[in-house]
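**Q** Chain by chain, the residues:
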Amino acid sequence: VKAAAEAVYLPLLFLTVALLGGLRVEERVVLTPPPLFALVLAVLLFGVLVRGRVLGPERLMNGARSTLQNLNGLAVILTSFAASAQIFNLIIPESGLPFLLFNVFLFVLLLNTLAGSPDRIPVLRSLGVVLGSAFVLKFILLAALSDPDGGALKRVLLALLEGVTLGTLSQAPLSPATGYAAFATVLLFLVGLAMLPPPARGVALVRSHE
Amino acid sequence: MQDRSVRAFGLGLTIVYAAFIVFLYVTQPQNLAQVTGSLTSSVGAYRVDQRAFDEGLALFRQDRHDAARAAFARADPADRDARTQFYIAYSYYRSGWGRFYNDDEHFQKGLEHVDRAIALAPGGRLVVGDPENSIHDASELRAELAAGLRIEGSDLNPMRMFRGRK
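Here the protein sequences line up with chains W and U, keeping their order.
Read left to right, the first sequence gives residues 1 to 210 (the numbering used here).
Read left to right, the second sequence gives residues 1001 to 1166 (the numbering used here).
Just chain U, with the same shape it has in the complex:
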């Protein structure tokens, strides 16, 4: 009887451990927060820290983007919330945007976060209905970031300096 219990326990443990390893290889988490976040979101139990998110949003509206991103990172430590990822990407867009040229590093990071937001959103479509934003759709934000990274003939157009930040 004891032999049977050990065998059943071992088989269960092996299946759970193997599934966990497959999960790690698929999700490629970078830290423990991402591991726990991925696990909890897979069962629908992941929640952002609303207080940190509100703090990040207030800083975002004041154009204090470094601080805003730090607050958003606290709110969503596992990078599993589409809306928070959208705001992080938007923050990179606004801090990287320039009248004469854009900061490619910021735009690249923004692109990574907006891609993550789109991947996390149900059906791959994310609309953030914040009236204070000029960009509401994650796809539109993605297009802005991607366009900012491309080198085109229109970059040399002097009228470009009159364009506005979204």
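Bound conformation, chain W alone:
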């Protein structure tokens, strides 16, 4: 089961996230590659995953493993990095003030998490909250504000945002298919992170004094 998870399930799952992360269903289907800053955020996220004991790279690649095992480990590392970049490509708004704010917010948040000493479960919870919140902000709130037909949510938001120029907030309208695909992609990514092998716990040898 361990070999199957490492060689088959994890790489395929992360590659699926990498594929769906760039999917935009508009008048035509567009697959967008990650912008440069998404790669920067992915590097920071990777640091958080390693420091937060979500991913133990030494368990995926080390001298005691065979070449094939190390290649499988490399595939997991590379595909999880590609998925991380695409997940930021997915949850960050495409333009305007939200694009800038999301990038800055995520950059500072990841740096802050990296500076602390988080453990596996808190890091996974924190990522669930961050990705979930970003999804709600982009695909529900910003999408409602950018909806040309409007709706009850748009009227409530307009009342709350009285005085704010919507030109800085509104995005290109998103089709419902993009939102559903994004929801599945975020869930898949979180499942993949939870399946990553954590680093081996160190064993301390303590001499007991008689």
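Just to be clear, a hint being listed does not mean it is correct.
Simulated DEER-style distance windows between Cβ atoms [claimed, not checked]: (1) G132/W <-> F1100/U: 54 to 64 Å; (2) D1115/U <-> G47/W: 37 to 47 Å; (3) V43/W <-> E1152/U: 43 to 53 Å; (4) P1122/U <-> E27/W: 46 to 56 Å; (5) R1047/U <-> V30/W: 25 to 35 Å; (6) N112/W <-> E1152/U: 38 to 48 Å; (7) E58/W <-> G1123/U: 49 to 59 Å; (8) P35/W <-> D1115/U: 48 to 58 Å; (9) V136/W <-> K1166/U: 50 to 60 Å; (10) M61/W <-> Q1050/U: 33 to 43 Å; (11) R28/W <-> T1040/U: 41 to 51 Å; (12) T1040/U <-> T67/W: 31 to 41 Å.
Keep in mind that the hints were calculated from the coordinates and are not lab data.
Because the structure is a prediction, the values reported are computed rather than measured.
A virtual CB, placed ideally from N, CA and C, is assigned to each residue, including glycine.
Fit chain U to the given chain W structure using the hints.
**A** Just chain U, lined up with the frame of chain W:
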């Protein structure tokens, strides 16, 4: 042994899947026909439906351009054949051409198809030696379509109404 087989299978599958994703991002297909068409043309196995193409050509010569384009689309569902794309572009040119003004929407679509034809042609040069056509070269067709979309002073020339459709 079983562990080794699973790992080798997984590695192969990962490489194939990753290559497929890169292929999708590069080609940006719009439907399943375009996915399969791109894959088969990448190994030189893509073929147009000759019967549909001949039907489209006959309709094109009768100036029934909507029907002709539908037949050409059936012949080349993946948009991978340079000659069919040339004829679709030519059909848009002929149906969009007007003595007083051109239909910009048709010309724009024609430009997209002729660009695709040029991109698909070996060396970017496509010559269709059909004696019934006035335009044989894809670059010439492209120039006609692009000129039709430009707004110029010569558009106001009254002698323009005596020009002919190619």
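**Q** Please go over all the hints and tell whether each is borne out by the structure.
**A** Status of the hints after comparison with the structure:
1. G132/W <-> F1100/U: 54 to 64 Å: Given a distance of about 58 Å, which is inside 54 to 64 Å, the answer is holds.
2. D1115/U <-> G47/W: 37 to 47 Å: 44 Å, holds
3. V43/W <-> E1152/U: 43 to 53 Å: 51 Å, holds
4. P1122/U <-> E27/W: 46 to 56 Å: At 32 Å between Cβs, range violated.
5. R1047/U <-> V30/W: 25 to 35 Å: This hint holds: roughly 28 Å between Cβ atoms.
6. N112/W <-> E1152/U: 38 to 48 Å: Distance hint for N112/W, E1152/U is violated at roughly 58 Å.
7. E58/W <-> G1123/U: 49 to 59 Å: 51 Å, holds
8. P35/W <-> D1115/U: 48 to 58 Å: Since the Cβ atoms of P35/W and D1115/U sit about 26 Å apart, the hinted range of 48 to 58 Å is violated.
9. V136/W <-> K1166/U: 50 to 60 Å: 56 Å, holds
10. M61/W <-> Q1050/U: 33 to 43 Å: 53 Å, violated
11. R28/W <-> T1040/U: 41 to 51 Å: Violated, at about 22 Å.
12. T1040/U <-> T67/W: 31 to 41 Å: 35 Å, holds
When the structure is compared with the earlier hints, violations turn up for hints 4, 6, 8, 10, 11 and for no others.
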